[in-house]
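Asker: This is what each chain is made of:
2 protein chains.
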Amino acid sequence: MPPAAEPVADKPSRREQILAAAAELFARHGFHGVGIDDIGSAVGISGPALYRHFRSKDAMLGEMLTAISEVLLDGGQARVGAARSPHDTLEDLVRFHVDFALDNPALITVQERNLGNLTDPDRRKVRGLQRRYVELWVEVVRTAVPATEEPTARAQAHAVFGLINSTPHSRHLDRAQMADLLTAMALAALVPARA
Amino acid sequence: MPPAAEPVADKPSRREQILAAAAELFARHGFHGVGIDDIGSAVGISGPALYRHFRSKDAMLGEMLTAISEVLLDGGQARVGAARSPHDTLEDLVRFHVDFALDNPALITVQERNLGNLTDPDRRKVRGLQRRYVELWVEVVRTAVPATEEPTARAQAHAVFGLINSTPHSRHLDRAQMADLLTAMALAALVPARA
DNA sequence: GTAGGGGGTTAGCGGTGACTAACCGGATGA
DNA sequence: TCATCCGGTTAGTCACCGCTAACCCCCTAC
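Sequences listed follow chains A and B, in order.
Number 120 in my numbering belongs to position 120 of the first sequence; there are no gaps in the numbering.
Number 1009 in my numbering belongs to position 9 of the second sequence; there are no gaps in the numbering.
Just to be clear, a hint being listed does not mean it is correct.
To be verified - Cβ pair distances, simulated, as ranges: (1) 1116(B) with 13(A): 20 to 30 Å; (2) 37(A) with 1180(B): 31 to 41 Å; (3) 37(A) with 1099(B): 14 to 24 Å; (4) 146(A) with 1099(B): 24 to 34 Å; (5) 17(A) with 1180(B): 23 to 33 Å; (6) 38(A) with 1121(B): 18 to 28 Å; (7) 1147(B) with 37(A): 46 to 56 Å; (8) 55(A) with 1067(B): 19 to 29 Å; (9) 12(A) with 1088(B): 44 to 54 Å; (10) 193(A) with 1075(B): 26 to 36 Å; (11) 1042(B) with 88(A): 46 to 56 Å; (12) 58(A) with 1180(B): 19 to 29 Å; (13) 119(A) with 1192(B): 44 to 54 Å.
Claimed, not checked - Once the Cα atoms are required to be at most 25 Å apart in a straight line, the calculated SDA-like pairs of lysine to any residue come out as: (14) 125(A) with 1115(B); (15) 1125(B) with 154(A); (16) 1125(B) with 82(A); (17) 1057(B) with 71(A); (18) 57(A) with 1125(B); (19) 1125(B) with 36(A); (20) 125(A) with 1057(B); (21) 1057(B) with 36(A); (22) 1057(B) with 105(A); (23) 1057(B) with 112(A); (24) 57(A) with 1115(B); (25) 1057(B) with 134(A); (26) 125(A) with 1125(B); (27) 1125(B) with 118(A).
Hint data in this document are derived by calculation from the structure and do not stem from the laboratory.
C-beta: ideal position from N, C-alpha, C; glycine also.
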C-alpha cells in the first residue's frame, strides 16, 4: 500500500474535491437549488457516485459547515493565544477573518446562508462552535476597548462579520487592497474614533 | 364599487399579506425550501389559492425583490435630494438604510440570499436597480470624502451594506440602540479616522 | 492468477412540489 | 332576480429529486 497511513493533506482527496464543488454550487443556487447530479458532474463523476463518499446530501452540508466553524474557532484561538497588546490582538483577529473570507468566498457564503438547511444535530454543533467564536471576539473587543458593554460587543462582532463576509459580493479591488480596506474598516467600526 | 379608484395603501391587501408571509419563509428556509402550501397556510388559505393573486412562485420572489430595490433607490435619492452638508447627507443615507434594515429584516435577508433564484429578466431588473443604488452611495461617499477612489468607494459601499444587513442575525440590543450603533459603525468605517 | 474491494455506472423507486382543472359560494350591480 | 366574477376549495398531473439496487471494472496483495 504505497499511499496509506497518511490521511494528511497530499493532493485534494475526492471528498475534498466534492466538498469544494458543492460549496460553490450551494453558494450560488442555495442548498435546495442544487441537485445531487449537479454536484456529481461538477467533479466529473455523475450522480449517485457521491454516495461512495458521503452518506447523504445533508451530510455534505453538515461536514462542510462544521469544518468551517472549526477552522475559524481554532484559528481565532491561536491568534489570541499569541499574546500581544490588546489592540494588536484585535487587529490580528480581524486580519485572520479577513484572510479566511477572501480565500474562501464560497464557504463563507454557504455558512451565512445555509445554516437553516442543516440537520438538527448538525445545526446544534455548528451553532455551538459559532457561539464560541463570537465569544472569543467579544472578549478580544472588550479587552481592547474596555468601555464596551457585553451586548454591544456581541452586536458589533456580528456587524463586523457582516462587513467582512460581504467580500464575495464585490470584486472591485485586488486581494491585497481588499484585505487592507476591510481590515481598516472593521477596526474603525470596532474602536471608537481616536485611538 | 365603494373602495376603488384607490390602489393606495388602505389595509394590507391580500397580495401584500402573501408577500410578507412569503418573505418571512424565504428568509428562514430559502426559496426552494418553501412550498406553495407553506405560504398559503401562513396566510390562512391553502395551497393553490395563491394562483388567484400571483402567476407563479417565481413571480412572488420577483415582485418582492423589485419592490425592495425600488424602495431603497427611491428613498436613497430622496435623502440625497435634500441637500445638506456632504457629511450630513452621508449620515442621512446611512440612517435611512439602517432604518430599513431594522424594520424589514426578512426582506433584507431575502434580498441578500435569494437574488440567485430570480428569473433571468427579473434578476436583470433588480441588478439594475441595485447598481444605481450603489452608485448613489459611491457618489455620496466620494463627495463626503473626496480622497476616496471610485473602486474603493464601491467596495466600501458593499462592505457597509454587509455590516448593516447583518442586523437580522443579531438581536442583542433594542431597536434604538441598534440603530445608533450600526449608524456609528458604518460612518466610522466610511470616513477615515479624524473628521 | 486470482480474490477482494474501492469507486464508478445506469435503471428505477417513492415522495414531493409546482401548477392546472373543475367546481363552488357569496357579494354585487343591472 | 339573477348573471357575473372574485377568491376560495379539492383532486390530480407531471416533473424532478434524493437515494437504493444491481452491476462492473480495475488495481492491488497474496
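Asker: Confirm or reject each hint.
Answerer: Against the structure, the hints come out as follows:
Look at residue 1116(B) against residue 13(A): about 29 Å separates their beta carbons, and that is inside 20 to 30 Å. Look at residue 37(A) against residue 1180(B): about 49 Å separates their beta carbons, and that is not inside 31 to 41 Å. At roughly 44 Å, the beta carbons of residue 37(A) and residue 1099(B) sit outside the given window of 14 to 24 Å. Range check, residue 146(A) to residue 1099(B): Cβ separation about 30 Å, and the 24 to 34 Å hint holds.
For the pair residue 17(A) and residue 1180(B), the supplied restraint of 23 to 33 Å is violated, since their beta-carbon distance comes to about 47 Å. Evaluation of the 18 to 28 Å hint for residue 38(A) and residue 1121(B) yields a pass: the beta carbon distance comes to about 23 Å. Checked against the given bound of 46 to 56 Å, the beta carbons of residue 1147(B) and residue 37(A), roughly 51 Å apart, stay inside it. In this structure, residue 55(A) and residue 1067(B) break the distance hint of 19 to 29 Å, their C-beta atoms being roughly 41 Å apart.
Separation of residue 12(A) from residue 1088(B) is about 52 Å and conforms to the stated range, judged on CB atoms against 44 to 54 Å. Range check, residue 193(A) to residue 1075(B): about 27 Å between beta-carbon atoms, so the 26 to 36 Å window is met. Checking the proposed 46 to 56 Å range against residue 1042(B) and residue 88(A) shows it holds: the Cβ atoms sit about 50 Å from each other. A beta carbon spacing of about 41 Å between residue 58(A) and residue 1180(B) contradicts the range 19 to 29 Å that was offered as a hint.
Distance hint for residue 119(A) and residue 1192(B): a CB-CB separation of about 45 Å, consistent with the stated range 44 to 54 Å. With a CA separation close to 28 Å, the supplied pair residue 125(A) and residue 1115(B) exceeds the 25 Å bound. The straight-line distance between the Cα atoms of residue 1125(B) and residue 154(A) is roughly 36 Å, outside the 25 Å bound, and the hint therefore fails. Note on residue 1125(B) and residue 82(A): the hinted pairing is violated, with a Cα-Cα distance of about 49 Å set against a maximum of 25 Å.
Straight-line distance between C-alpha atoms of residue 1057(B) and residue 71(A) comes to about 38 Å, which puts the hinted pair past the 25 Å bound. Between residue 57(A) and residue 1125(B) the CA atoms are separated by roughly 33 Å; this puts the pair beyond 25 Å, and the hint is violated. Distance hint between residue 1125(B) and residue 36(A) is unfulfilled; the C-alpha atoms sit about 30 Å from each other, more than 25 Å. Our distance criterion of 25 Å between C-alpha atoms is broken by residue 125(A) and residue 1057(B), whose separation comes to about 33 Å.
The straight-line distance between the Cα atoms of residue 1057(B) and residue 36(A) is roughly 23 Å, inside the 25 Å bound, and the hint therefore holds. At roughly 29 Å between alpha-carbon atoms, residue 1057(B) and residue 105(A) are farther apart than 25 Å, so this suggested pair is violated. For the hint pairing residue 1057(B) with residue 112(A), the CA-to-CA distance comes to about 24 Å; that is within 25 Å, so the pair holds. Taking the CA atoms of residue 57(A) and residue 1115(B), the gap is near 23 Å; set against the 25 Å cutoff, the hint holds.
Of the supplied pair hints, the one linking residue 1057(B) and residue 134(A) is violated, its CA atoms being roughly 37 Å apart against a limit of 25 Å. With a CA separation close to 39 Å, the supplied pair residue 125(A) and residue 1125(B) exceeds the 25 Å bound. For the proposed pair residue 1125(B) and residue 118(A), the alpha carbon gap of about 32 Å is over 25 Å, so the pair is violated.
This entry does not satisfy hints 2, 3, 5, 8, 12, 14, 15, 16, 17, 18, 19, 20, 22, 25, 26 and 27, going by the numbered hints stated previously.
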